[in-house]
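Chemist: The primary structure of each chain is shown beneath.
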Amino acid sequence: MIMTLKKYSLKRYRKYILPLILLLVVTEGAAIACGATFGKLETGLLNGLSFLGYMFPPDWSAFAEMVQPAFQSIVIAFLGTVFGTLLSVVFALLAAANISNPWVRNVTRFLIGLERSIPEIIILLLLIAAFGLGAMPGIIALALGCIGMLGKLLADTIEELDPVMMESMQSVGANKMQIIVFGVLPQIMPNLISYTLFRFEINIRLSVILGAVGAGGVGYELDYSFGMLQYHRAFTALLVIIIMIFGTERLSYMLRGRIKMEGALK
Amino acid sequence: MSTVEISLPSKKYKRKVTVFSAALIIVSIACVYMGFNPIGIFTEFHFVRDLLGEMFMPNYKVLWNNSSIGFSIVQTLSMAFLGTLYGGIIAIILAFLAALNTMPLKIVRVITRFTLSLVRVVPILVVILIFVIAVGPGTFAGLLTLVITTIGTFGKLFAEIIENTENPPAEAIFSVGASRLQVIRYSIIPQILPSFIANLLYAFDINMRAAIGLGIFGGGGIGFELYMATHVLHYKDVTALISLIIVLVILVEKLSDYLRRKILGEGNLK
Amino acid sequence: MIEVRNLTKSLPNGRKLLDGISFKVNKGEFVGILGPSGAGKTLTLRCLNGLLKPDSGEVIIEDEKGVGHDICKVNKRELRRVRQRIGVIFQGYHLVKRLSALENVMIGRLGQISTLRSILYGFTDEEAAGALEALGKIKIAHLAENKTGNLSGGEMQRVAIARAIFQMPTLLLADEPISNLDPSSAKVIMKLIRPLSETMPVVGVFHQPEMTAKYCTRVIAIKDGKVIYDGDPKLSNDMLVEIYGEELSLIEQQEHAVPPPLIATN
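Chains as they are written, first to last, in the numbering used here: chain A, 365 to 630; chain B, 3 to 272; chain C, -19 to 246.
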């Protein structure tokens, strides 16, 4: 059998031409839609950067004023995570094929997927429309926001549990609630804690953003400062936020590392 | 008979009760501190019911009457697309500058890594507010914000991916006398390509949702339209827009999934 | 006492998985069920504790008062009650890995504890003491506080046996309890199960004829959904071939097969 050597010509790149043209066309169209020509991009980024420089130095006296709002943002994230986790566990149990019946399971999975598609800000806007401004809509928005992520992750974790373990418990006469409490919950506990801590990190960032829309806390302070053209004060708020986020990340990382250790040693 | 030490269930129960009570007290104090009354959700549910009443039936006419809605969808998609594209490209370049195995000069690596950390830690809210002042409100500000946040989220990640490539192929290529760039082309890029593409598609998904959220802070696009609608209390429009957004997000997610499977599926056969 | 009468179960396409299985096991007997894969052994066992409902037939189990219950006909609550007194050991890992051995043993009595009390309060000290005793009987009391996931396969099965003992059952079922174990652990497990048959009927599904020959009082062979042998555990060679017939001949075929050529020659 003689093998013919395919010519390593440029012809083999032919299949890339069409997608590349498509990419260029889409990019151009998108750029027009956004009013973003290439030159503008560069100047835009540089303008932004220089403005950041203009905001420096921070207003040192404002630091003291930022502590309480920062604490509030943290508490909002904390409460949102706590209630969100509780909700998510319920949703996850309902959405696990090995725990609930097929009809309930599919409906719940659909709801979880639906929640994932709605950005938390929109949920907040609706809640503010219903309940007014304040911490309450913020906490509820964060709690509901957990469902999309934690609900799905936990439901998947539950579905991956060993079915023989559950049959075994069934066989000694345990009923569904007992199987959940003594079989499912202990097995998913490390995952639950890990995911919750991770979600808490996300919720801290969200708490800042939601705060600016009306939930209060340091996000609100930031937005307010910008509105009042007090850019140095805004910079102070920025620094406080950075410290907050950084601290939370470290804490969460540390705790999750300890959970992994415990889980590994079982 | 048994000299084994076991923890008695009664003691365990007492411990459980203590922990649970402490948690309950902490949460209650937090709720009081924030003025949050969880029961209020149920006692004040009529607000929600009223709102829902005002929100149904969704007014889809707003989609055709108002041609700007259609355009704003295009804008939001464009923001997400370009933000991912430009941000991704810059992130990749910075990643190569920051990775141990592609940048031999330590000083360059240190500076790049520091920059990436800085960008990563600035919250998106600040970025949009700055750009709104720097270039004016609208989709351009939103786009720039997404570029920055994409760099922040994926710069470090890409650097780690590059560093996690297997060394032996690189050494093999080096040993036949290739230059560093050739090593990159033939050893590193094939290894990182699937991961990069997957991440970029994921970035598109995230940026899509972010673009919607940014609209509220002056970023333009459909998020802005939604915000306007809530402000003028046109709740039927709000519902229509939300359902539109949901459809949009789901479509983008499916598209992103499809593309990932298509491109990476091919990649596996290469 | 457990009596099985005429169990049948068919697939929708008409193929019979169980075809009139009948046998009776009394206290004092340790019955091993053998048969080729897919013959219906595990299906039969699952019918014995209600994990599977046959198309027709009866499974009558005597409870502690001597009253017979037909598993196939009881409702959910009664099934749960009957299961309280049926001890089951499965193949492989069917215990809750993140709970301690002691807790896994106590789970055996979940069917006998009210749901409310078990979930809100947990187990009582008396139950813990009883569970410890059960573990002591299997000589693994020292492992009581170990997380079950950390134990070896043999130790886990011993915990499962302790759980079964703790239930104070009137019947013990075992589904391939030694298939995952190394030979010495398997021997230990068989030696532990055997004396249990003095107080209750023991029925186990096995893949190891040499084990059943040594430890069981009686062997039932199932092939193509029918009982083809019921009697002395020491099976003759002919009988083994008849039971595992096709499988054994398959193995022989493999031994005489010509290995495929390594290099294509054409």
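Since the hints were derived computationally from the structure, they do not count as laboratory data.
Worth double-checking, as some hints may not be accurate.
[Claimed, not checked] List time: in silico EDC-like cross-link candidates among lysine to aspartate or glutamate, alpha-carbon distance up to 20 Å:
#1 256(B) <-> 479(A)
#2 14(B) <-> 105(C)
#3 53(C) <-> 35(C)
#4 203(C) <-> 35(C)
#5 18(B) <-> 125(C)
[Said to hold, decoys possible] According to the in silico footprint, chain A covers these stretches of chain B (three or more CB under 8 Å from chain A):
#6 105 to 117
#7 123 to 136
#8 174 to 184
#9 187 to 200
Don't be surprised by glycine CBs; every beta carbon is placed ideally from N, CA and C.
Chemist: When the structure is checked against the list of hints, which entries are broken? Sort them ascending.
Modeler: Hints 6, 8 and 9 not satisfied by this model.
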